[in-house]
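Chemist: In case you want the letters, here they are:
There are 2 protein chains.
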Amino acid sequence: MTDTYFVAVDWGTSGFRLWVIGRDGSVLDSTTAPLGMSRLKRNDFDRVLEESLDKLGIAQDVPAIICGMAGAAQGWCEAPYLCAPTRLDALGEGAVSVRGATRNVHILPGVKQMAPANVMRGEETQIAGLLHAEPSFAGTVCLPGTHTKWVQVKDGAIQHFETCMTGEQFAFFSQTSVLSHSMILDGWSDNAFRSAVRLATQDPVAVPRRLFSIRADMLVRDQDSATARATLSGLLIGQELMSVVHYWRDQSVTLIGAPPLCEIYLMALDFLGVGGRSLDVETTTLAGLAAAFHIQTGTVHA
Amino acid sequence: MTDTYFVAVDWGTSGFRLWVIGRDGSVLDSTTAPLGMSRLKRNDFDRVLEESLDKLGIAQDVPAIICGMAGAAQGWCEAPYLCAPTRLDALGEGAVSVRGATRNVHILPGVKQMAPANVMRGEETQIAGLLHAEPSFAGTVCLPGTHTKWVQVKDGAIQHFETCMTGEQFAFFSQTSVLSHSMILDGWSDNAFRSAVRLATQDPVAVPRRLFSIRADMLVRDQDSATARATLSGLLIGQELMSVVHYWRDQSVTLIGAPPLCEIYLMALDFLGVGGRSLDVETTTLAGLAAAFHIQTGTVHA
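Same order as they appear, the protein sequences are chains H and A. In terms of the working numbering, the first sequence opens at residue 1 and continues consecutively. In terms of the working numbering, the second sequence opens at residue 1 and continues consecutively.
If you are wondering where the hints come from, they were derived from the structure by calculation, not from laboratory data. If you're wondering where the values come from, they're calculated on a predicted model, not measured in any experiment. Warning: the hint list may mix true and false statements.
Identical copies carry no separate label here, and so any pair may be met within one copy or between two of them.
To be verified - List time: in silico EDC-like cross-link candidates among lysine to aspartate or glutamate, alpha-carbon distance up to 16 Å:
(1) 112 to 203
(2) 112 to 217
(3) 112 to 222
(4) 112 to 3
(5) 41 to 78
Take the sequences, apply the hints, and build the full model.
Modeler: Following this line, the structure appears as structure tokens:
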């Protein structure tokens, strides 16, 4: 692999994804591992990275650029937040060099917002990837996931953003809470999802008392698991959408996330008459890491 | 203990509480154990009850009356739901005799509601206890807990009720979710609670995007644990209150629950200009079980 240029890593809370990038910008190899920040101590990161790269035969003189929770205070090496509004070419400029690392490693900063208080680590790099592909992009980006981000982008910068814990709440309600007993089987119902989105968007204030009905509907009416799961998802996403209505009213939404999740967000937005599109999360992450790498190293982007 | 009359048991999901009642209606003895429905198989209930009563020296000819999840389909012996609206003297009439039990055991039914679907098991007995003390009571009862119930009572009957999963959500957010990292220390702030109740009641739709701010406020502003915990509680309770506004607007609320929890609900209601009072949950549970026992056995209430 004589043409290896750098290693790009998205290192999150629960795992990491790593790509080996060639001088022509192509992906030469990649790997993932469930070794996220939450399972690592500060001294573990270097070893974990080197072991992964050793398996792929990557020499120690190949530099690495990392985004995500590895840059958190509890991560490998803190990369202080940029403060929104912030241009995203500042990501590469703000990259922090990790002292004592086996190889040349830089970690990208996250973005914070002071009022209302908010933080992101990782999503800013995906948005940088979107801006690399579409430099004049302006509008709303939604990055659905454990903590879904809604971001207003303009003039190459993150202007403002909000976070909803919808993914983490869905996991809790569907896997741990009393509602989990009503969705022990797999399955999904688009109709039930749309009905729940309608209920939640027409009367978002009622959602707290509608959640338990998912359990009761099974007990008194034998409602099936597919309906229960889709109803839960629709209530939570509908409630989220009403919470960030200023992000999507009268404009289309660009989604970046796991394809199945983007699909149901698009379904909910479509129900509300809002247009949208979804972008591949791996492509945008890689593009953002590559753009930051080139800025950090002062090289011309491939 | 020659004057033992019957045994009253509140057998819930996570544990049970048992009282030995004398012929004069007094409590002769009591015990608790963390052996709730969720930890027991159907065949375990009889053994657990007998071991507890054996330790207290209660003979096998003393009958027992039970309310709560022991009567669920997954409990000891299913006691089919009464259907709201339902008078609460029907609890004793609907008590189910447990076949094969070592002693004479009756389990009280819960209450279901068809539209919107809802269920309760245990809270109906507490309301029966309230009605025993105040037969002409009419109004709203709130039973805060893991699954908080809001109940309209009139003409000796449960007319209508709602359930909010606020307690279960608070436990999740404060102990498991990413917000837990912002409230690892103990503490509470009445001011932060009231501020959050104000935010949530003035703009309930915004609550989903305000939750993550609890985490971000610590990261960007070093907010303390006491403020974080009280803010979480205030946002969730405020959101719940707006969801059931038809239960408390223009009327006072009678709370039945754990005293510290009743206290913060009263604080939130007071902030909204709503009057309230709290009743002792043990007293009301016992009164409800005793009333049902006397109806079930056709005896005159002590």
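Chemist: For each hint, tell me whether it holds in the structure or not.
Modeler: These are the hints, each one checked on the structure:
In the homo-oligomer, the alpha carbons of residue 112 and residue 203 never lie at most 16 Å apart, since the shortest distance is 32 Å inside one protomer and 24 Å across protomers. Only between protomers do residue 112 and residue 217 lie at most 16 Å apart by alpha-carbon distance; the minimum there is 10 Å, versus 42 Å within a single protomer. With identical chains, the CA atoms of residue 112 and residue 222 are at most 16 Å apart between copies only, with a shortest distance of 13 Å across copies and 46 Å within one. Taking the shortest alpha-carbon separations for residue 112 and residue 3, neither the intra-copy value of 37 Å nor the inter-copy value of 69 Å comes in at or below 16 Å.
In this homomeric assembly, residue 41 and residue 78 come within 16 Å of each other (Cα to Cα) only inside a single copy, at 13 Å, whereas the closest approach across copies is 50 Å.
The earlier numbered hints that this structure contradicts are 1, 4.
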